[in-house]
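Read top to bottom, the protein sequences are chains A and B.
Under numbering that gives the first Met the number 0, the residues of the first sequence are numbered 0 to 586, in order.
Under numbering that gives the first Met the number 0, the residues of the second sequence are numbered 0 to 70, in order.
In short, the hints are calculated from the structure, not lab data.
On a predicted model such as this, the values are computed, not experimentally measured, just so you know.
Idealized CB from N, CA, C, for every residue including glycine.
Any given hint might turn out to be false.
[To be verified] The following label-pair restraints were derived from C-beta to C-beta distances: (1) 123(A) with 37(B): 25 to 35 Å; (2) 8(B) with 404(A): 21 to 31 Å; (3) 98(A) with 21(B): 39 to 49 Å; (4) 316(A) with 45(B): 24 to 34 Å; (5) 353(A) with 11(B): 16 to 26 Å; (6) 498(A) with 48(B): 19 to 29 Å; (7) 20(B) with 400(A): 37 to 47 Å.
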Amino acid sequence: MRPITPFLLPLGLVVVAAVLLGPDGPTRARQQANVQALVAPRVAEDPEPERVVPEAAPGRLVIDLQDGSDDAALAEVSARLGVTAQWLDDATRDEALAVADVEDLAAAAAALDGMTGLEVVEPDLEVEALGWPDDPLYPRQWHLDAMGAPAGWRATPGGKGVIVAVIDTGVTAVADLDPARVLPGRSFVPGASTAADDNGHGTHVAGTIAQTTNNGIGCAGVAPYATILPVKVLSGSGSGSSAQVAAGIDWAVDQGAQVINLSLGSGLYSAVIHVAVRKARRAGVVVVAAAGNDGRERVSWPGALHEVIGVAAVGPDGAPAPYSNRGKGVDIAAPGGDKRTPGGGVLQDTVVPGGGHDYLEFQGTSMATPHVAGAAAVLLSTGILDAAGVETALLVGADGDAWDKALGFGRLDLGSSLAMLGVHEPGARVAMGLMFGVLLSSLSGAGGVFRGVSAAVGAVAAGGVIGAGVLGGTLGALLSRGVLGWPIVFLGPVWAQVLAWGAFVVPLAVAFLLGPTRLLRPVALGICAGVAAALLHGLIAGDFARWWLPGGAVTSWFALQVVVSLAAAAALAGVERLDRRARGGAR
Amino acid sequence: MTRVEGTLRFVDLGAGQWVLQTASGARHPLDGAVDRGWADREVVVHGTFVDGLGFGVSADRTLQVHRIALR
Chain A
0 MRPITPFLLP
10 LGLVVVAAVL
20 LGPDGPTRAR
30 QQANVQALVA
40 PRVAEDPEPE
50 RVVPEAAPGR
60 LVIDLQDGSD
70 DAALAEVSAR
80 LGVTAQWLDD
90 ATRDEALAVA
100 DVEDLAAAAA
110 ALDGMTGLEV
120 VEPDLEVEAL
130 GWPDDPLYPR
140 QWHLDAMGAP
150 AGWRATPGGK
160 GVIVAVIDTG
170 VTAVADLDPA
180 RVLPGRSFVP
190 GASTAADDNG
200 HGTHVAGTIA
210 QTTNNGIGCA
220 GVAPYATILP
230 VKVLSGSGSG
240 SSAQVAAGID
250 WAVDQGAQVI
260 NLSLGSGLYS
270 AVIHVAVRKA
280 RRAGVVVVAA
290 AGNDGRERVS
300 WPGALHEVIG
310 VAAVGPDGAP
320 APYSNRGKGV
330 DIAAPGGDKR
340 TPGGGVLQDT
350 VVPGGGHDYL
360 EFQGTSMATP
370 HVAGAAAVLL
380 STGILDAAGV
390 ETALLVGADG
400 DAWDKALGFG
410 RLDLGSSLAM
420 LGVHEPGARV
430 AMGLMFGVLL
440 SSLSGAGGVF
450 RGVSAAVGAV
460 AAGGVIGAGV
470 LGGTLGALLS
480 RGVLGWPIVF
490 LGPVWAQVLA
500 WGAFVVPLAV
510 AFLLGPTRLL
520 RPVALGICAG
530 VAAALLHGLI
540 AGDFARWWLP
550 GGAVTSWFAL
560 QVVVSLAAAA
570 ALAGVERLDR
580 RARGGAR
Chain B
0 MTRVEGTLRF
10 VDLGAGQWVL
20 QTASGARHPL
30 DGAVDRGWAD
40 REVVVHGTFV
50 DGLGFGVSAD
60 RTLQVHRIAL
70 R
């Protein structure tokens, strides 16, 4: 028997890498590479650590003892300080890091001076993570994390090439809004000759959709590479007529808008707006509108229209905002803010009265709506969905289990919507497919060509060809995702979710149809291994919709499908081994 | 021209909007110049109701202000 041990080491490394990287692996790897690039020159110089002299003030002291120091050393620290020091946590116990809250940092540090086994003592400093994006106000934009914007930044073109019409008080290209991505626009307000914003509402809305992101200033946006089409239909005091709004919608559609944001409304139904929205929908435009701010159980128009995605608002705690309207017509909820909580508003760059700009917190269903419009732009920029597909992905991806009058189908979750489309950073899936292909094919005792073909097919079947999305069209869409993602391209995300429940049929069919043919056997084995890898990764990443079933049932079924797929691959390896033995016997 | 009495409120929604709250509970968004110092004061508004829309996304009709005075 040919030993398989030589394969286990690299396979083990791949497994460890895949597990550690997880669904966000490549991003983390890039971030780690960036951090390493920053750190490397400093490490090369290898200077002695500088001693930080604490102030004579109360605070937390961090004490780094020699690795492996025991509780007796910790007790000595406590005795010297006169307060109880404790290990930082169990996970870093081997590093012997302890902390103590003291009244006088300087005196406490002096008390430890000269202690045997003490490596470093210094005040515990607050540190901030380095990462993408580098917009300094991003940490205050709780609303972007709450709706999954980072998933779009990592795994999609971020709205690139998608035109989003902001039908509002106008849009001004403020400092943190790239003017190259703001079209000239048009005003439908008497007396306003341009689509410049004379209020601040429209620019704030545009910022949530497409604020320039990772530019080192200000805030971030949901779809940072989308193009904004400003359409001014509201005056500086925030009002406009139904004729102006309808004309704005018609014009935006004519200009090629693919998403229309309507952070406006009223209590009165308007047939002329309804007709304009219908035209937009028939032209393949996603139309998103605010549910209204009366705090009543009646959704405003046009948010209540069937053709529109009606958006309710939630606060930082995820609960419905008190001002947000409820009832029929609410399709989804998104962060609209709740300023009763400090920092609880939606923060973006906008114009201010008297000129200039500022980063301001607003609240309202007006603010919730552009989060959904931005998410629609991100989904459209993946290139595989039409307006109906985007709507489905948004609503099915939302976090609700059933429709609710306050939250609709749930809170917006862009990460979940993207996962339904099979849009992941593919590194982890490809690594797992490769690993399963190599491992299972090695059971066959076959030569390098068989194992190589199995591994390559396993990688592609699991996660597609990395970078193939740039080809565009159906071919690019197919090649850029694994086998489980193919139904999305032809049937849409809902059917893909349904078919995933029967994914085990693929490896069984492939094994029966291709397995008997010797030349196709490594391909069949690779497909089985790739499907197993994709199913396992999807299970870990939580990609499969729970529908009405309890989570345990979903996990059990998909785990069973993983086992069936692996068994099919192992069976093919066994057939190859027997085949080789028979051929050897014949010779 | 309509004459409407009520309390002037600044509503912190969107970019903020002036609203006339009437005794019947209606909250009419105001379209036009309003003296910021009159917040929460009783006022009389002479204006025209318009079936418009606004970023306040309010169910009540917008009142286009022609003249406003303290009551």
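Do the hints match the structure? See the list:
Under the hint 25 to 35 Å, the C-beta atoms of residue 123(A) and residue 37(B), about 52 Å apart, miss the expected range. Checked against the given bound of 21 to 31 Å, the beta carbons of residue 8(B) and residue 404(A), roughly 27 Å apart, stay inside it. A hinted range of 39 to 49 Å is violated for the C-beta pair residue 98(A) and residue 21(B), which are about 60 Å apart. With their beta carbons about 43 Å apart, residue 316(A) and residue 45(B) fall outside the hinted range of 24 to 34 Å.
Residue 353(A) and residue 11(B) have their C-beta atoms about 19 Å apart, which keeps the hinted 16 to 26 Å range intact. Separated by about 55 Å at the C-beta atoms, residue 498(A) and residue 48(B) break the suggested range of 19 to 29 Å. In this structure the hint that residue 20(B) and residue 400(A) lie 37 to 47 Å apart at CB holds, the actual value being about 38 Å.
The structure fails to meet hints 1, 3, 4, 6 from the earlier list, while all remaining hints are met.
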